Amino acid sequence: MEAGQEVTYDVAVIGSGPGGYVAAIRAQQHGLKTVCIEKERLGGVCLNWGCIPSKALLKAAEHWIFVKEEAAEFGITVGDASVDFAKVVARSRKIADQSERGVRSLFKKYGVTSLAGTARILGPGRVAVEGSGGLTTVNAKHVIVATGARARQIPSVPVDGERVLTYREAITLDRCPESVIVLGSGAIGCEFAWFYSAFGAKVTIVEGVDRIVPLEDHEVSEELARAFRKRGIDIVTGKFVKQVARDGADGAERGVIVSLADGTELRAAYCLSSLGVQPNSAGIGLETVGAVIGKGGFVDHDRDFRCGAQTWVIGDVAGPPALAHTAYAEAHVCVDRIAGKHVADVDYDNMPAATYCQPQIASVGLTEQEAKRRGLSFTVGKFPFAANGKARGTGHTGGFVKVLVGTKYGEILGAHIIGHDASELLPDFVMARGAEVTAEHFLHTVHAHPTLGEAMYEAVAVAINQSCHI
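According to the numbering used here, the sequence shown is numbered sequentially starting from 12.
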């Protein structure tokens, strides 16, 4: 497409992250002529600076731990081993490049037009795109805003991209810090903390509330804290950050000083700020279509994701949870409804979540604490991986599966897994909850032996007093 022209489409999608590129492809599948506008790299943060390249880094760390700490237990002798950290990062960048090419290939396959540039909504159905070749005006019956979010920044933690970093800078840092203070213990914070620790960095996590991964079940938080401390990761909870400053007042560059509200000072070579995300909703012309930017900068919308005249919004910019698979789901529902299809609402109560450090965390539904707060009657089933034959064989016996089962109807209220590669087990529980499978019916599904999935079966069995293995 040439810049400096006016073009017409059925659907214009602003942003090509997980929500945007799926929305564009889905619209084209419905026979709607579609353009996807992206100012950086196709695939957005997830494919280029988040979900995908970070998993490549984490896998490298896992291999290094095996070589350094676990191989001998399996009878494998490893000679002198070393890490080329720059190559570890280079591999993750290569995979990010492959992901971007994958989106470009999908666009070509389905006939989606890609337009590079910065978009601004001019009014209902009109978008101006400023690219390297000038201005292009896009006319569209439907405009879908999928501009995502960026790392949340606060004045007391001034990110400089050199010593005070966000995930964006950390994902491409080609040397392992000798020490790092991680602010926040959500998925990003815990994943980077574990990654750097695996390669020898001295890591300290600072979390303002009283436990790490605070959105997870309390027992899961406790188990991860034990595993992290065993790895030598320091954890400071219940203390908020007052200020972060560069440590070099005397002219000697030593890194950063993190001052906590109680007067404690922590020093490290680097600081990683992982204090959540802020939506990319400002400055894109949403006011011209009557859209309302609500609390936290998220764009208000209805159940169809309509936010204004001829305008829809999906993904991180539409509100939490800021998860790629949430954006996928919203993209499908939004576009299907634009196309006149009758589809169910996105089921946010059955939205899975995962944290990919080791041990991994995977969860869906209510925590035990939330179920109690709601006054629900339920039983708890818990099965340790130490009692699972496959886990013992692989050498990863830490963690457990925990399930909440409603007393009256036997429904699965929530499931929480912490253990090696726990995220790979979660889909069974997500599907069971979505299909309203009861605990009794869950046990009618035979799980292959030996598999880690048997721990899920056993946890449900424990909840209704039918387990024969614990």
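By construction, these hints were calculated from the structure, which means they are not laboratory data. Only a predicted model underlies this, so the values are computations on that prediction, with no experimental measurement involved. Accuracy of the hints is not assured; some may be wrong.
Stated by the list, open to error - No more than 20 Å apart at the CA atoms, straight line, and that leaves these computed lysine to aspartate or glutamate pairs for EDC-like:
1) Lys213 - Asp95
2) Lys383 - Asp360
3) Lys98 - Glu180
4) Lys383 - Glu233
5) Lys393 - Glu451
6) Lys44 - Asp347
7) Lys241 - Glu451
8) Lys393 - Asp347
9) Lys393 - Glu435
10) Lys66 - Asp21
11) Lys352 - Asp21
12) Lys241 - Asp95
13) Lys44 - Asp21
14) Lys419 - Asp356
15) Lys119 - Glu180
16) Lys241 - Glu180
17) Lys241 - Asp258
18) Lys393 - Glu381
19) Lys213 - Glu80
20) Lys401 - Glu73
21) Lys241 - Glu381
22) Lys70 - Glu230
23) Lys66 - Glu84
24) Lys66 - Asp95
25) Lys50 - Glu141
26) Lys66 - Asp360
27) Lys241 - Glu73
28) Lys50 - Asp91
29) Lys120 - Asp21
30) Lys419 - Glu435
31) Lys393 - Glu180
32) Lys50 - Glu180
33) Lys152 - Asp360
34) Lys50 - Asp108
The hints, checked one at a time:
A C-alpha spacing of about 18 Å is found between Lys213 and Asp95, which places the hinted pair at or below 20 Å, so the restraint holds. With a C-alpha separation of about 16 Å, the suggested pairing of Lys383 with Asp360 holds against the 20 Å cut-off. The straight-line distance between the Cα atoms of Lys98 and Glu180 is roughly 16 Å, inside the 20 Å bound, and the hint therefore holds. For the hint linking Lys383 to Glu233, the alpha-carbon distance of about 19 Å falls within 20 Å, and the restraint holds.
Taking the CA atoms of Lys393 and Glu451, the gap is about 16 Å. The hint holds against a cut of 20 Å. A C-alpha spacing of about 14 Å is found between Lys44 and Asp347, which places the hinted pair at or below 20 Å, so the restraint holds. About 38 Å separates the Cα atoms of Lys241 and Glu451, which puts this hinted pair outside 20 Å; it is violated. Among the hinted pairs, Lys393 with Asp347 is inconsistent with the structure: their alpha-carbon atoms are about 40 Å apart, more than 20 Å.
For the suggested pair Lys393 and Glu435, the alpha carbons sit about 18 Å apart, so the restraint of at most 20 Å is met. Of the supplied pair hints, the one linking Lys66 and Asp21 is violated, its CA atoms being roughly 36 Å apart against a limit of 20 Å. Taking the CA atoms of Lys352 and Asp21, the gap is about 16 Å. The hint holds against a cut of 20 Å. A distance of roughly 25 Å separates the Cα atoms of Lys241 and Asp95; the hinted pair therefore is violated under the 20 Å criterion.
Restraint check: the Cα-Cα separation between Lys44 and Asp21 comes to about 5 Å, which is no more than 20 Å; the hinted pair holds. Distance restraint check for Lys419 and Asp356: the Cα-Cα separation of roughly 26 Å exceeds the 20 Å cut-off, and the hinted pair is therefore not satisfied. For the suggested pair Lys119 and Glu180, the alpha carbons sit about 31 Å apart, so the restraint of at most 20 Å is broken. Among the hinted pairs, Lys241 with Glu180 is inconsistent with the structure: their alpha-carbon atoms are about 28 Å apart, more than 20 Å.
This hinted pair does not check out: Lys241 and Asp258 have alpha carbons roughly 29 Å apart, beyond 20 Å. With a CA separation close to 17 Å, the supplied pair Lys393 and Glu381 stays within the 20 Å bound. Taken as a hint, the Lys213 and Glu80 pair is honoured in the structure, with Cα atoms around 17 Å apart against an allowance of 20 Å. Restraint check for Lys401 and Glu73: the C-alpha separation of about 19 Å stays at or below 20 Å, so the hint holds.
For the hint pairing Lys241 with Glu381, the CA-to-CA distance comes to about 29 Å; that exceeds 20 Å, so the pair is violated. Taking the CA atoms of Lys70 and Glu230, the gap is near 25 Å; set against the 20 Å cutoff, the hint is violated. Proposed proximity of Lys66 and Glu84 is contradicted: the alpha carbons are some 25 Å apart, above 20 Å. With a C-alpha separation of about 17 Å, the suggested pair Lys66 and Asp95 falls inside the 20 Å cut-off, and the hint holds.
Restraint check for Lys50 and Glu141: the C-alpha separation of about 9 Å stays at or below 20 Å, so the hint holds. Simply put, Lys66 and Asp360 have alpha-carbon atoms about 26 Å apart, too far for the 20 Å limit, and the pair is violated. The hinted pair formed by Lys241 and Glu73 meets the criterion: a straight-line CA distance of about 16 Å does not exceed 20 Å. For a cut-off of 20 Å, the pair hint linking Lys50 to Asp91 is broken: about 45 Å separates their Cα positions.
Only pairs whose Cα atoms come within 20 Å are accepted, and Lys120 paired with Asp21 is accepted, the gap being roughly 18 Å. Between Lys419 and Glu435, the direct Cα distance comes to roughly 30 Å. Violation of the 20 Å bound is thereby established for this hinted pair. For the suggested pair Lys393 and Glu180, the alpha carbons sit about 39 Å apart, so the restraint of at most 20 Å is broken. A threshold of 20 Å between alpha carbons decides the hint, and for Lys50 with Glu180 the separation of about 18 Å falls inside it, so the pair holds.
Of the pairs offered as hints, the one joining Lys152 and Asp360 is violated, with about 32 Å between alpha carbons and a cut-off of 20 Å exceeded. Restraint check for Lys50 and Asp108: satisfied, since their Cα atoms lie roughly 16 Å apart, inside the 20 Å limit.
Comparing the model with each numbered hint stated earlier shows that hints 7, 8, 10, 12, 14, 15, 16, 17, 21, 22, 23, 26, 28, 30, 31 and 33 do not hold.
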